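Between the sequences and the hints, there should be enough to build the whole structure, so can you do that?
2 protein chains.
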Amino acid sequence: MSDAEPIALDPPEELSISLGEAMFTQRAIRRLDPDRPIAAADLKIMMDAASKAPTGANIQPVRMLVVTDRAKIASFGELYHEAWWAKRADAYGWEPDQEIPADSPYRMPALLASEMAAAPAVVLVFSHDAPGVSVYPTVQNLMLAARGLGVGSVLTTLHASVMDRVNDLFSVPTDVRFHCCVPLGYPRGNFGSTHRLPTSGTTFLDSWGSPPPW
Amino acid sequence: MSDAEPIALDPPEELSISLGEAMFTQRAIRRLDPDRPIAAADLKIMMDAASKAPTGANIQPVRMLVVTDRAKIASFGELYHEAWWAKRADAYGWEPDQEIPADSPYRMPALLASEMAAAPAVVLVFSHDAPGVSVYPTVQNLMLAARGLGVGSVLTTLHASVMDRVNDLFSVPTDVRFHCCVPLGYPRGNFGSTHRLPTSGTTFLDSWGSPPPW
Numbered sequence: 007m008s009d010a011e012p013i014a015l016d017p018p019e020e021l022s023i024s025l026g027e028a029m030f031t032q033r034a035i036r037r038l039d040p041d042r043p044i045a046a047a048d049l050k051i052m053m054d055a056a057s058k059a060p061t062g063a064n065i066q067p068v069r070m071l072v073v074t075d076r077a078k079i080a081s082f083g084e085l086y087h088e089a090w091w092a093k094r095a096d097a098y099g100w101e102p103d104q105e106i107p108a109d110s111p112y113r114m115p116a117l118l119a120s121e122m123a124a125a126p127a128v129v130l131v132f133s134h135d136a137p138g139v140s141v142y143p144t145v146q147n148l149m150l151a152a153r154g155l156g157v158g159s160v161l162t163t164l165h166a167s168v169m170d171r172v173n174d175l176f177s178v179p180t181d182v183r184f185h186c187c188v189p190l191g192y193p194r195g196n197f198g199s200t201h202r203l204p205t206s207g208t209t210f211l212d213s214w215g216s217p218p219p220w
Numbered sequence: 007m008s009d010a011e012p013i014a015l016d017p018p019e020e021l022s023i024s025l026g027e028a029m030f031t032q033r034a035i036r037r038l039d040p041d042r043p044i045a046a047a048d049l050k051i052m053m054d055a056a057s058k059a060p061t062g063a064n065i066q067p068v069r070m071l072v073v074t075d076r077a078k079i080a081s082f083g084e085l086y087h088e089a090w091w092a093k094r095a096d097a098y099g100w101e102p103d104q105e106i107p108a109d110s111p112y113r114m115p116a117l118l119a120s121e122m123a124a125a126p127a128v129v130l131v132f133s134h135d136a137p138g139v140s141v142y143p144t145v146q147n148l149m150l151a152a153r154g155l156g157v158g159s160v161l162t163t164l165h166a167s168v169m170d171r172v173n174d175l176f177s178v179p180t181d182v183r184f185h186c187c188v189p190l191g192y193p194r195g196n197f198g199s200t201h202r203l204p205t206s207g208t209t210f211l212d213s214w215g216s217p218p219p220w
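Protein chains in written order, with the numbering used here: chain A, 7 to 220; chain B, 7 to 220.
With the C-beta cut set under 10 Å, the calculated list includes, among others, these residues of chain A facing chain B:
id: 1; residue: D54
id: 2; residue: K58
id: 3; residue: A59
id: 4; residue: R69
id: 5; residue: V72
id: 6; residue: V141
id: 7; residue: G154
id: 8; residue: L161
id: 9; residue: V182
id: 10; residue: F210
One-sided excerpt, in silico: chain A residues whose CB lies under 7 Å from chain B:
id: 11; residue: A14
id: 12; residue: S24
id: 13; residue: E27
id: 14; residue: A46
id: 15; residue: M70
id: 16; residue: L71
id: 17; residue: P143
id: 18; residue: N147
id: 19; residue: F176
id: 20; residue: L203
id: 21; residue: T209
id: 22; residue: S213
Simulated from the structure, these hints should not be mistaken for laboratory data.
The model shown is predicted, which means the values in this text are computed figures rather than measured ones.
Ideal Cβ positions, reconstructed from N, Cα and C, are used throughout, including at glycine.
Here it is, written out as structure tokens:
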């Protein structure tokens, strides 16, 4: 495996969506259809697209663990739920499964924490201690390719308190570092436009604080 | 600026390239045409596309400094050259501007170190200490959008020994953290297919080491 030769691949026809459409409608999708599995061929397209992202010195350090086994996802979902609430306990002192107001930005993330166990697929992203600069472009390609295939995704992390059990669940070696996890599924909601700060305010020209010409 | 309201944007027509073509032909482009500037309208498209990437809790922490002023790029290029060779000195004990064999993977990066001063545009990526998970998906969107516009790019970093001078050059506040820089220019070479490890070897199914069904 590790001595495989690098290969070139043609762009898959399935990724015919325009780049603009894919990027400008990449919503975080947390409400996943639990009853619609993702075809292995589509998972391969996502992995191939992910592999095309740049990495420092082209070392390609990312290793993806794709989980489609329902029992394993159910076990992982319990750990994800625990981890999500442990993060909120750390940050805000919240109790597990406490009520979250309908207008809170945490409402949908908390729903995902409860529903992760039913996700049709989950991708866990690892490396042997690569820096983020060589990992997250790859993850973004994965999620853009998912969008291109009509599959929803969201970039999530875990809490340190569950990592040993996650690693045990998937037989991950101790010298491997976890980066993030990406649940995948066909959306119960819709893709659509996202709202962002205007780049006239987040971008400078030639000197810090100097506005761009737009 | 910081109190600007988030806005929605339609996908720009200029990003009509297919997602697959953009991702599967995103080469690192280091030989840039110094005589062909990049239109401000195209820079805006790249920044808007970058802004569409996901960030943790949608905090949108990335601030981009776009440099098109030729004198500033020339000054930055000197610092980049010094930084690039400082990294090689740290890693291999190399002398600045020493000969690099034609078949070395460092040949083109060293060429860029010498030519950065003539790049038509350079984007410096900053945040107030955001983690890589909230920065590099944004950078990847920027580079994919550049590809979609026919503009070459490559993700590069600096060496700590030049950071104070870089920050001085662009009046960057001391509480802001540098992440990476992305030179932009029309390629002297061509876009084209890239070679990567086959995902049959970098991807596992359901358990570490278990091969995927492809």
